[in-house]
Each structure stands twice: as C-alpha cells, then as structure tokens.
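With the hints as extra help, turn the sequences into a complete structure.
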Amino acid sequence: MSDREASEAKEITGGVHRPQRHDSGHKHVAGQAEYVDDVAEPNGTLHAYLGLTERAHAEILAIDLQAVRTAPGVVDVLTAADIPAHNDVSPMGKNDEPVFAENSTEFFGQPVFAVVAETRDQARRAAMAAKIDYRDLDHVIDVADAEAAGAPLVTEPLTLKRGDAKAGLKRAKNKISGRMRIGGQDHFYLEGQIAMAYPGEDDEVVVLSSTQHPSEVQHMVARVLGVPSNAVTVNVRRMGGGFGGKETQSNLFAVVAALAAKKHGRAVKIRPDRDDDMTATGKRHDFLVSYDVGFDGQGRIEALDASFAARCGFSADLSGPVTDRALFHADNCYYIPDVQFTSKPLKTNTVSNTAYRGFGGPQGMVAGERVIEEIAYALGKDPLEIRKANLYEAGGRDVTPYHQTVEDNVAPQIISELELSSDYAARRRNIIAFNRDSRFVKKGIALTPVKFGISFTTTWFNQAGALIHVYQDGSIHLNHGGTEMGQGLNTKVAQVVADAFQVDLDRIKITATSTGKVPNTSATAASSGSDLNGMAAANAAGQIKTRLIEFAAKHYSVPAEHVAFEPNTVRVGDRRIAFSELIKQAYMARTQLSAAGFYKTPKIHWDRATGRGRPFYYFAYGASVCEVSVDTLTGEYLIERVDILHDAGQSLNPALDIGQIEGGFVQGMGWLTTEELWWDKKGQLKTHAPSTYKIPLASDVPRVFNVKLADWSVNRENTIRRSKAVGEPPFMLAISVLEALSMAVASLDDYRTCPRLDIPATAEHVLFAAERMRAEAAKRG
Amino acid sequence: MTQIREDIRFLLNDSVVTTFDVRASDTLLDFLRLEKKLRGTKEGCAEGDCGACTVLVGRMLDGDLVYEAVNACIRFTGSLDGCHVVTIEHLSGADGRLHPVQQAMVDQHGSQCGFCTPGFVMSLYGLWMTNPSPDDHAIEKALQGNLCRCTGYAPIVRAAKAAASGTGVKNDPLVAERQAVIETLNQLADGSRVECKCADDPFIVPANADDLAVILTKHPGATIIAGSTDVGLWVTKFMRDISPAVFIGNLPELQKIEVSDGKISFGAGVTYTQAYETVCRHIPQLAQFWERIGGEQVRNMGTIGGNIANGSPIGDTLPPLIALGSSVVLRYGDRRRNVPLDAFFVAYGKQDREPGEFIERIDVPLPASDDRFAVYKVSKRRDEDISSVCCAIRVKPGEDEMVDEAVICFGGMAATVKRAGRAEQALLGKPIGEASIEQAMNGLETDFQPISDLRASAAYRMLVAKNLLRRFVLEQNDGAGAASVRRGAAA
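Chains A and H supply the protein sequences, listed in that same order.
Heads up: the first sequence is residues 1 to 781, going by our numbering.
Heads up: the second sequence is residues 1001 to 1491, going by our numbering.
Treat the hints with care, since some could be wrong.
Stated by the list, open to error - Derived DEER-like restraints, expressed as beta-carbon distance ranges:
no., chain 1, residue 1, chain 2, residue 2, range
1, H, Ala1347, A, Asn174, 53 to 59 Å
2, A, Arg780, H, Leu1428, 34 to 40 Å
3, H, Asp1453, A, Glu385, 50 to 56 Å
4, H, Glu1438, A, Glu385, 39 to 45 Å
5, A, Gly380, H, Lys1350, 35 to 41 Å
6, H, Leu1065, A, Asp711, 48 to 54 Å
7, A, Arg439, H, Asp1334, 55 to 61 Å
The set of hints was computed from the structure by calculation and includes no laboratory data.
Cβ atoms here follow ideal geometry from the backbone N, Cα and C, with glycine treated the same way.
Right under this line is the structure:
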C-alpha cells in the first residue's frame, strides 16, 4: 500500500469540476507531443503529393503525366484508374465527391492525381510537371451570383415554419427588408491535413490520420479500396487543431495514403503544403441572407421570413446539416410569433464547404442579430432593449421555429448579470457623449446573447462508446471514441473516470483513439465530445464498479450498500482497502476488470420532413459585451474591451472551459473582422496562406478581456455531472464585436440607420459603411 | 588569398554540426526534422508567417553573442555557418524538468492542441532572455509572428507574465553555457569563404564584403540572400532554383550602423531589429511603424537592404525612406555609385541594379527639426500583415509656415512604390491646413490608378490614400490621435 493510499485524503486529485491541466500540456511545451508527422517512419516510407486542377470549371480533355512519372524519385502516379472500388469520399453517401477528378474539374484546385515518390520534396516537385488540357466552362463562384443564376442545390433544402409569416408581415405595423452577406472562414488548424498508412497482411491497412472522425476515415478507406471495414484500423493520438476542418476533409488524404500503401506494400505519408491544404479543403459556408421582418412600435418581432442561401461548393459534403443548423439558430434567444426560414444550399464552382465550429449556427445567429439591429435603428432604440423585448419566455412565448419548447432559458439571467457587471448602461451613455464630440474616432458598444442547441441534428449520431481496462496493479487504461484536438476532451473524460473510481487522475492512462478499440463512433463534433464520451466512460466505469462491489460484498460478507469508493480506497464495511489491493483481490477471484461502455442521448427526435421535433437535448447560453474604437477615415479599429458571462453548466473543468471560451471568442472575432476569403475572376482562391489570410494575433485580443462562467447554472437535463457542452457556443459570443463596430459607424447618422455591416467587417467594409452613413446624414441635412 | 572550405559548421544545441551535404535551397526546418529527427519544431505554413517553426539563432554581433527568434522554415541551412541554433529540445533540463517559460505555459493553460506551442515557447524564451519583466506591449510584439488558433492568446500572455515573475535564470542552458558557446563560435569563425558544391545546387558564403564583391563579379547572376524572408518563399512555395546563392546575412561590414552629418548609414545587411533602436532614437516618427514590419522573427531576419533590393510595391520601408530623401550605395567590384532611392525603382520587378552589383549601404537623411514627417500603414490586420496602403509624408515649412518642400510617397498604390507628384505640388506654397489638403487629395486621382486585389479594392485604396493626407493635417494641427486609433491608448 502506498503512502498516498494510506493517507486519508479528503479528495482525489484531478476529479471533476476541478481546473485540471491539459493531459498533454507538459509534452506540448517540450516539443514531445507527437503529431502524425512526428511519428518515426518505417524504413522505405514513401511520400504522396496531390496534383490539382487549375480551372474552376472545365472539361478535362487530356491528362499528360509523362513528365511527372519520369521526375526524380517518382515511384508511381495514381489516378482514378488506380482506384480498386469507389472513386468517392462523399460523407453523406451522395456519390458526388471523387477522390480524383476524371472528366471535369468542378473547382480550382480539385485533385486529379497523386504522385508517390521517395521524398516529399520529390513528390511535390514532380506534381508540378503535369500537363492538363481543359475546355473551359462557365463558372459560378459567388453565392449571390449563384442565387441570381438559379444554381442547382447540392442537397435538399429545409423549411422551418410556425404560424404564417406572410400573413404576419402583412399585419405588422412596421416592416423592413434587407440582405446580409456573411463570409466564410478557413479553419487554419496549425497542423495541416496529414495521414500515414501502413500496409498489413491480406487486405489490412492501418492509418494514422489527423481526423476528428476516425470511423468515417475507416469507412472511406474501406469503400475506396473495396475491403470490409474490419480490414481498416484508424488511429488518432491527437490533432494540431480541427475546428470542423478534419471532420470530413481528412478522408481524402487518408484514402490516398492507404491506396498507395496497399499498392506498393510500403508505408506512405501524405502532407499537403499549407497553400494546397487551404486550396483543396473545404471551409465555413458563406451565406447570403434575405429577410423581411415585421414588428410593433416597441420593437417586438411579429413576423420574420428569411431565406438562407449558402455557398456550398461543388458537392454536398455536410452542407445539408450545416444549412439546417443555420436555420435552427436564426431565432437565437428570441421568440418569433409567425416565422418561416428556408435554406438554399447552392452549388458553386468552389471547394466543397464543410463543418466549421458552430456548423452554420453562427451564420444563422448573426443574421438573426442583424434583424434585431434593423429594428433598433429604425425605432431609435438601444439594440439591447430590443433584445430584451423579444427574449423567449415561459407561457406562450417559448416555442422555437422547429416546435421545440425552450425549457432551460437562462438567457434573461445571463444578460441581466452581464449588463450589470460590465457597467453596460453607463458605458453606452459615455460612448454616445464621446461620439458627439469626436470628429473622426467613433466608439461603439454592444451586448449580444447566445443560445446554442446541443446534439447532432442527425439523431443517430448521438451515441458513443468507451473502453476501460483496470489492470492487476490498479492502473487504469482509458479509451473512448472521441478525438483530442486540443479541447482537452481526454482530460475531461479521464476526470470523469477518476471521479467514478475515486482514484487520483495520474492512475489513468489516456490512450489514442482507435477504431479497433471503440467501433462505430461519431465525429468529435457538435460540441458533443464530453457529453457523449464522458457518459460512455462513466457507463463503463459503472459496470466495473458494480462487479467490484459485488465481489467485495461477497468476499467480505457485507451488504453491497456497505461498499463505497472513497479517495483512493474502497470502504468495505468497517475496512478501508487500498484501491489497488482490492483490484488484486478481485482479479484473484476472477472478476472481469474490463468494460465497454455505451451512451445514447435521451429525449431527442427530429422529423426533417415536417420541420418538427426536439432536435436538441438542451441549450448552452452565454452573452458578451464588446467596446470598440473606429477610425472613420480609414475604417481601422481597435477592440478595446470584452466582458463575457458563459453557461457551461456545472463545468467538468473550469480551466479548460475558460480556454474554450477565450479561444472560441477570438476565433469568432477573426471570422467577423479580418478573415477574408477572396477569389479572383478565374475562380482561384487567392487567400490561401497566412501571408494573405489573416487570423487574429495576440495584439488583436482586447487588453481588457473578462471571462466568467455562470457557475450557478445547473444543466436541467441529466448530462455528465450536469455540465454543458462548450466547444462551439462561445464562438458566437463574438457577434458583439460586429455590433459594436456597427454602432460606432451608426453614430455618423445619429444612430438612425442600420449600417448593414457585412461580414467580415474588414477596415474596408467598415469605411464604406461609414461613407454610407455620412451620405445618409448629408441627405437629411 | 581567401581561404576556401567546402563544408558549413554550426553549433546545434550542444553539438557542432559539420556538413558538406547542403544544397542552397535546403531549409533549417527540413534539416532539423528530416536529418536530425528533432521534431519538436513544427511546420505550420512554410512561409514565415505562423511561427510554429520558431527556433533561436545565436550569432556574434559586435563581439557579443546575440540570440534571436527566427523562422526555421524559410531560413536556409547554408546561412547558418558560424551560428548557434537552439531548438525546443534544448530547453528542458536533462532530468526532464521544464524551463520556467515552459512551466508557465503549462500552469496558465497556454497550450490546447499544442502544435503552435513549441514556437510560442521559443518566442517567449527569446523575450524572456532580453526582457525579464515585459509589459503587454512587449509581449504582444514578441508574439506578432506566432499564430495560435485555439487559445485566443490570453493564457499565453498570462504565461509570459508568469514566467517573468519566476526565477531560474541560473539554470537556463544558454546562460550557463554562454562562455563556452562564445568560444565555440569564435573557433568556427575561421575567416574562410564557404563554397558548398553539393550537386547542382551550390552556394557561397563570402568571407567578407570585399570577398562578396569578388564573388559577384564572377557570378553576376547569383541570388543574393540576406534574411531570406522573401527568397525563402521562392523555394518553399514556388520551388524556384536559387543557385548559385550567396548568403550575406552575417558579413560584419554590412552590419554597420553609423550616425553622422545628419544622416544614418545602414549597412545593407542590417536587420529591422538591429536598426530599431537607432531608428527610434533619431527618427521617432518611425518607431510605431517599425514595430509593424512583419513579425518579430521576420524583423530578426529581414534586412533594409533586402527590402530595397526586392523593390516590392508593398515593401514597408520604402515610402518613408524615399520621403526622407534616402539613397543607396551600389557596389560592383571596387566601383561604387550612389543612386537616390526614388530613382532606383524602375518598374514592377525592375530596379536600377546591374548584374554583379550589390547594395552596400543605405544613407537616410534625418528629418530637419522643423520638418513635418509621418508614416502610415493600413493593412487588413494591424500587425504582421502586408500594407494595403502605406503612406509617408514629409513637409518642410518655410517662411510664414508656407510649405517649401513636400514629399508624399505611397506603397500599394502602383506597380512600384511611387511619389504623388500632383499631390505634392498642391501643397507647395500653402499653409498646412484642411483647405490645401483637399487639393492634394484630389491630386491623388491623377497620381494613381490602384488595383483591386485580395488585400483591398481600388476604391478603398484611393479613399484611404486621400484620407491619410487628411489624417496628416489633423495630426499636425490637433496632435497625434486626432484621427487614428492606437492600441494601448485607451488603457
């Protein structure tokens, strides 16, 4: 018995609700944390590189790969003809996303072939030597052009409808129509896409992939190679960031590596250069939202009819559920009596857009908040007043456009607490006074709330598995279906298991995600990682505990109720037995010390055809206040101060949750401010590297950045330790930045005109909005 | 007779590397990861913009050993002859104990996915060595070249502060080994020229500036490489052949900074970081602007001479240097000629430099005490970004405050950095005020036909260019901050 176990510590180290450090933190800082590219390659490892098209839309007349094949170091060139089974990696089974394009290119940068060479440098140089003849076809890049041209849809649209929006609009005293352009966003995970495949016996292959969705990678590799899923094992220790960009986009790379590895019987690694990664993989969807809102004299919304056109790119990918989720979040925290939302998932000749933190939710929500702004400026009121007037409330104003009742509405409490703690009212008064006296520098402040639905809207994805082994020495091996991309999922799940067994956290070994250990997993996405995998792990721990209790009760002849797990010990009647001692005894008594856990989210259901159901188990909430200063001569601005109050329920790990909130906010801020995707006339994305695509820096983060958890919030649903999901919701807290900029600009016309600031609000867009305000003011005289 | 050797020698962490097997285009990052299997240093972008590959390079400068954070992805291995390369693997103790900077990052939850983390640790380590108690501004400046997508930076800034309050300088490897490293580097500096003849991709490291002049007369088409913050991308992004390459980054004669006779003379190899203190002292109007050139790693590598030699229409230093009336000294063999900077840029991608010539020195006249001088940079992101529009204005008031001389120079408005002739003309003989500036603003319509690209539209460029003239007047009359927002100003 160790000293630690002998001592009667009051609590274990690293249990739930504690600010435990990230399990890999000490390895990250020492450069010892291994990513796929850091794993030692077997002798003879080959390197693959993709050859991409250079037309946005064209027939491919001829592909001349002679110079590629004869380039130094080249071992092979793979094209569609080399694929044994299906030339397709479409995640929704639509058969619309080839691994290698054959007869036509649908976007600038579509993969046509892969070179396999002795070194990556040789493969990359060889890929440049291809000659492809094209016959150009018309291309559509922009979402507005696609909508105007009546472009086809990549997947079935959705309509959410409650009441009669058209009739409501007709009845309403005040009406406004408008449009909002919402830009996309590159994930800019610091570790780019990568995969390494090891050929095995018979049809077997093992793939190391930087993916959020090992099971899907497994299925895709099996599908393309034409082998059963049991031949393919996918392992993920960690990713250098994902953010949705490795939910489906890692499939292509894993498939190519596996294809080459099986063909040549050698390990194959593939890692695109950053520019090719940004060119050839999908991003956040751009939207063009058109809205008609009717409201009363107090600013209460009476009816809202809105359409959400999205740039989906050339294939469906996840555009269906992404555009669905935009619709699910356009109401945000507000009740709309007569409402209709329609999605238009438009096909464009751009890379196929995909999952990105919030999954369409941010685009829907920011459009909803624009509608609030429209009403506020039209009525000459503080937008916060309009927000409060429209909040969901019990007793008739609590049903969403998808007919789910909002049962856990903590938005009013969060808003009122934050309004007070941030001193919103006085600061707004001071800012209005400042703006009166300042000729060119203008300030703005905004408070915006967030309500985000938690659960995959594809109901069957809401399941998870875990695997726990307790070894004879009392050490614990933990595995689950979630993947670690920096969010600290492994730490949280280990905390849950430590708490269940009441052992110190360092007794638990966190192991790489593997399709061979936990099968049929869902993507680590939709903020669901801890909710699903934490519950599955708790379930596995519970099974083992039940057996241990049964064993101890029998062995020591005490009633089962007299066996209790206490810090690093098990109390059995009057005895206190060290955990590891009890494990040894249980093993000797032939007790099974391994368990596979399982969890499925209860209560949820969704009928897409009727637009009715309960797609979300619960909602996560938050709110933020942002203050900005804008130079209205250049449009340059500073984000001066941000205050956040966020609802993570009873947080499993407050330190990691604060990290998700700070990080999510800043990422959202980037989307709304400096991150601009820009295509040239040929349809080539020209912002394809950090030199041209500008994510926030340390010096863009507000110097005053107060982040607090609403620690009073207890999830009313029975989630893992009453916590709430926290991956995506904080991203949308950044909407306050956009609205603060909007207010600063609106000051130029005495806050009487909604500036209709589009996204991203680059200095350029801010300046032109300021010019519009000046023109409006001049018209008034 | 110059001694010639065919290998390069440098100190990597605690051991000397001697190798013949280096090509001109080989990068330090590939050397570390592929040759030495030191895989703590990561590749995030391969263009010097994300900082995941940050390492420290120590070099002898004026007899002192100086360590600077650099981007290993665009640093050529051949340019490291005689240097000390320090990677993340060198930081922790042999017993695995973390360095105070690393420990602070762990304690403050400064890593999430961890991929950018080694680069951040190295940047913070570089800061920690030179500035034991940095303020917010110093921390943000040190981190301008490091991207993190997970944390939102707040915990990393907290870690930088926490590391400062800690102790442990004594155990720091670079402090403990300092004398030994200086001795090793002095031994490596044997005064030889290096000619690495690996395959078809050779490079030369001259022994000194005279040797460089000799080499270039023999290889007039050679690629001259100082900081490689631009040429690095020719290799990593365009896979261009840069051989024969001549690495001039460490030639002492090109590192000189002299202030005399109302001017500063910068050797062509002076980096932005080296120049910073002199610039701040003598031309304080450039101080804030200078901090917005690239990120810290780029400023540690990139040189004023390189910025000029490349002649990019968006080169940051060019508008202010032209506005100040700077000139360059070009050398071919022993022949030297002086060219005013505004005559040096002939057309897009074409400068007044003959094959075999190199920029030896830049002479920058100091603004007169009554000169009104300002420089503005507008970019999509404030720091570590390329200008959408860059503008430098110098106005000399004469009798009765009427303008005697006006130089207005823009970057980002034409195919080269270019003076605004009409706008300058509009100011002459008039007082500096809103009336005269309106005419100058209108003059810009004739002076420039900017283009639309990924950084800004033509319309935005033109409007901003005009408004920067207005900002200049407002600031002259109402003081700094009258028409701009500056970070920290509100605090």
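Checked hints:
Between Ala1347 of chain H and Asn174 of chain A, the C-beta spacing of about 58 Å keeps the proposed range 53 to 59 Å intact. For Arg780 of chain A and Leu1428 of chain H, the Cβ-Cβ distance of about 38 Å falls inside the hinted range of 34 to 40 Å, so the restraint holds. Hint check: Asp1453 of chain H to Glu385 of chain A, Cβ distance near 42 Å, so the stated range 50 to 56 Å is violated. Distance hint check for Glu1438 of chain H and Glu385 of chain A: the Cβ-Cβ separation is about 41 Å, which falls inside the suggested range of 39 to 45 Å.
For the pair Gly380 of chain A and Lys1350 of chain H, the beta carbons lie near 57 Å from each other, so the given range of 35 to 41 Å is not met. Under the hint 48 to 54 Å, the C-beta atoms of Leu1065 of chain H and Asp711 of chain A, about 50 Å apart, fit the expected range. In this structure, Arg439 of chain A and Asp1334 of chain H meet the distance hint of 55 to 61 Å, their C-beta atoms being roughly 58 Å apart.
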